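Assemble the whole structure, with the sequences as input and the hints as a guide.
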Amino acid sequence: MNATTAEADVIIVGGGLHGCSAAYHLAAKGLKPIVLEKHVVARHASSASAGGVRRLGRHPAEIPLAQASLELWHRLGDMLGADGNFRPSGQVRVAENEAELAACATRVGETRALGYDFEELLDRDALRRTVPAVSPHCVGGIRVARDGYAFPFKATTAFRHKAEELGARILEGAGVTALDRAGERWEVATGRGRLRAPVLVNAAGAWGREIASMLGDTAPVKPTALMMMVSDRMPHFVDPTVGAMGRKLSFKQMQSGTVVIGGGFEGKVDHATELTELDFRQLAESATNAAAIFPIMAKARLVRCWAGIEGVTPDDLPYIGPSKAAPAAFHSFAFCGHGFQLGPIVGSITAELIVNGRTNLPIEPFRVDRFA
Amino acid sequence: MSLFRRLHEDGPGDAMTVTITVDGVALQARAGESVAAAVLASSDPTSRAAPVGGAPRAPYCMMGVCFDCLMEIDGETNRQSCMVIVREGMMVKRMARPKAVTP
Amino acid sequence: MASCDLAVIGAGPAGMAAATLAAEHGLDVVVYDENPAPGGQIYRAIETVSLARNSDLAFLGESYRAGAALARAFRASPARFMPGTTVWLVQKDRAIGILRDGKAAMVQANRIIIATGALERPVPVPGWTLPGVMTVGAAQGLLKSAAMAPSSPVVLAGKGPLLFQLAAQYVAAGVAIAAILETGARPIAALPHVWPAWRSGTIGKGLALLRAIRQGGVNIIRNVVALEAEGRGRLEAVAYRTVRGTGRIATPLLLLHEGVIANAQLTKAIPLAHEWNERQQCWQPMLDADGNSDVEGIAVAGDAGGIGGAEAAAHSGRLVALAALKALGKIGRIAHEALAETERTAWQRHLAARPFLDALYPPPDASAQLADGTLVCRCEEVTAGQIREAVSLGCAGPNQAKSFTRAGMGPCQGRMCGLTVAALIARETGQSMSEVGHYRIRPPIKPLTVGELAALE
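Residue numbers (my numbering), protein chains in the order written: chain A, 1 to 372; chain B, 1001 to 1103; chain C, 2001 to 2457.
Think of the hints as simulated: they come from the structure by calculation, not from any bench. Errors might be hidden in some of the hints.
Listed next, with one range per pair, are the computed distances between beta-carbon atoms [to be verified]:
(1) H59(A) <-> V1025(B): 56 to 64 Å
(2) E2230(C) <-> V1025(B): 23 to 31 Å
(3) V1025(B) <-> P295(A): 25 to 33 Å
(4) A2066(C) <-> M1001(B): 33 to 41 Å
Treat the numbers as computed from the prediction; the structure is a model and nothing was measured. Backbone N, C-alpha and C define an ideal beta-carbon position, used for all residues, glycine too.
Structure representation (structure tokens):
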């Protein structure tokens, strides 16, 4: 591979969930994509993510995509031969007082007004039926039934394996060092040799800004380290993934019985070395939040904490769609900590844009030049 | 029969006896011993059921690295019993396999 | 946030020696140890034994007795000892997360000496999770701390100085040993290293141990190439194979030992820079001659920085403490040189025995003959076969294998399976151990409860 320039139909930069999903959808349409991954597949956000498959509370711009993506999540096993451990056990957001419950009602009303009926308002009793272990002070919330969670590393691996089976190639340890347009082709230099393809996809996550910049697009991204904690195994006490209106919390009990706690608390990130450092003052707050909503958690033992590097944009929405500066280049990066659910559909959108030149889903809010 | 015996069973340390309860059964231990040591000197050396397969486990390393000696001690689950010193009246339970999680 | 000049983590020989010297020279020193008393594993319960069970010293032996003076000096020094304290976090900025009596707190140290010692190399054999299978170190800890010994004739299996030391202690205490199953052959490769080991006194001590064991009439079976712990719910017998044939010994207690490795859990979690020690087949932090790591103000002393044994550890502790005293301006450069020279010479004399011991008792290749059905990760019950399958599905390193199989995700955080999982991956992919790497270790390195973390001071 080092001596000659390898050819492909599409070069995808980034071997996370979005890159592997794009590779799968392209390969399913008969193309031969190659994924260039600077480290190993699912090294950062795609293995460190909490794995929420959530429409609940989503930005209105993302809802059409999230709706379409959910249908793919429910078909993942048939589509890929592995379901990424997707469990549609629902999502709940808890209100701790009347003001928060009123905000829940407003949110559900707004979503309804947009024509979506997936969010359901829960009163005190309905909340207790759905989440019996919730703290007695909680007064209600919002529930979304067909949402759930999956296992990020396995979901990414499922896309990867199916893509490979359909003829895609994955090149690990192949960080992009240079990128040029030569005639009708992109030429990409990597740590593992040169590659050539007519089309390029930027799915480089928190490093997508650098790739965009090589293409001539200005797309601000702030790398962040979103922290997570996991407990030891506990007896089963909660089904849905639970968040809170007034607190940073994402809470789910896995099938193993372990409880994964997140919520967007940030550690420190070193962009160059790709290392993160945990901030235990912040995690103490995260622990406070978990124990406030689930008193049973106070005695649960935390066995591990970690952080994944994710790219965040100024408006908290990702970049999806064609490059403005360069021909035959497409973006799919900086999902701001809520891109896991969107992985299946955005790969499909990217493949549609490449093969058909268009998509039926509204991607205008995610255009790469919106801050230029 | 127990796996381990005390070399000084009739020695001067008898005044140092501490009584703990393991799964509801009173167990004589010596002051200064760890809970895991007391369990290993009892007729049932097991500390817990393995969380996946449910097979019995007993303390293995006795220095706080293997986590096979996890027991419930005074209402707190999954404590390293090799790192906890016995106290009069301590309530100890062997850890059962967590109930299967659905769905 | 509470603070100190120097925080020492671990009160074994290295930690005690380092803290004593540093405190005597005027540093404000705090020493954290998870155990109730100083001594570490090697001098476990040395104070109690010296005071209340003096007669036990007769079978525990001379080398154990040596710990008493260290502990006495440590107690007499102004160093503040915090027993029963778990260190669950050390940050690069030298903030330390501790847990004591159910209270979590952060403290700030000017300098840190990590002296977390060694742990026994985990080497899986079929049935090693059965009740009745333990480590030699575990049994020795019971002998020291609780004067407990096996109720029935015991089988010791493996190799290394600690195994023979425990056998000699059992013989001296009149405890019955059914057999010693010595794994591997004593290799010729050890011969070139005999002289430095002899000079350090190691060989003399070793021969005395072996003589005592033989005089005790213990059946030593050599060249054991395979072991299996058998039983339903409890150990019932040990089956073994030697180059000559097979055998089976009925016993309720099997004690395993395949040498010791640096306890790198904390140093990996910070993370300090580490290197693969090919001779000792384990990871250890990269240190300069004074024990300094690549992180400013964090040093490592004793076995946690590479296996050297208890005597070497005490000298290493003092060397590292002297460097701290120099760095904090408590002693000048010239005084440092003079004091350090003595310690360094003594340290190196003890270290000189290691090449011989490492060659005499070479670490087994954890991956070579591991059957697919053998449990590798005790916490999550993952087998060697599952790790091999994960590799075949594209897991190129331990962290992916962990994500895929849950090996290393349990409460021990990979302490028991890390090296074996890496060795399996190395063998399957044809990579070296240093290429394969190790699990990313993340704090807390010891579990703490959600409630304890929420109340962090």
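A quick look at each hint next to the structure:
{"no.": "1", "hint": "H59(A) <-> V1025(B): 56 to 64 Å", "verdict": "58 Å, holds"}
{"no.": "2", "hint": "E2230(C) <-> V1025(B): 23 to 31 Å", "verdict": "28 Å, holds"}
{"no.": "3", "hint": "V1025(B) <-> P295(A): 25 to 33 Å", "verdict": "31 Å, holds"}
{"no.": "4", "hint": "A2066(C) <-> M1001(B): 33 to 41 Å", "verdict": "35 Å, holds"}
Checked against the numbered hints given earlier, this structure breaks none of them.
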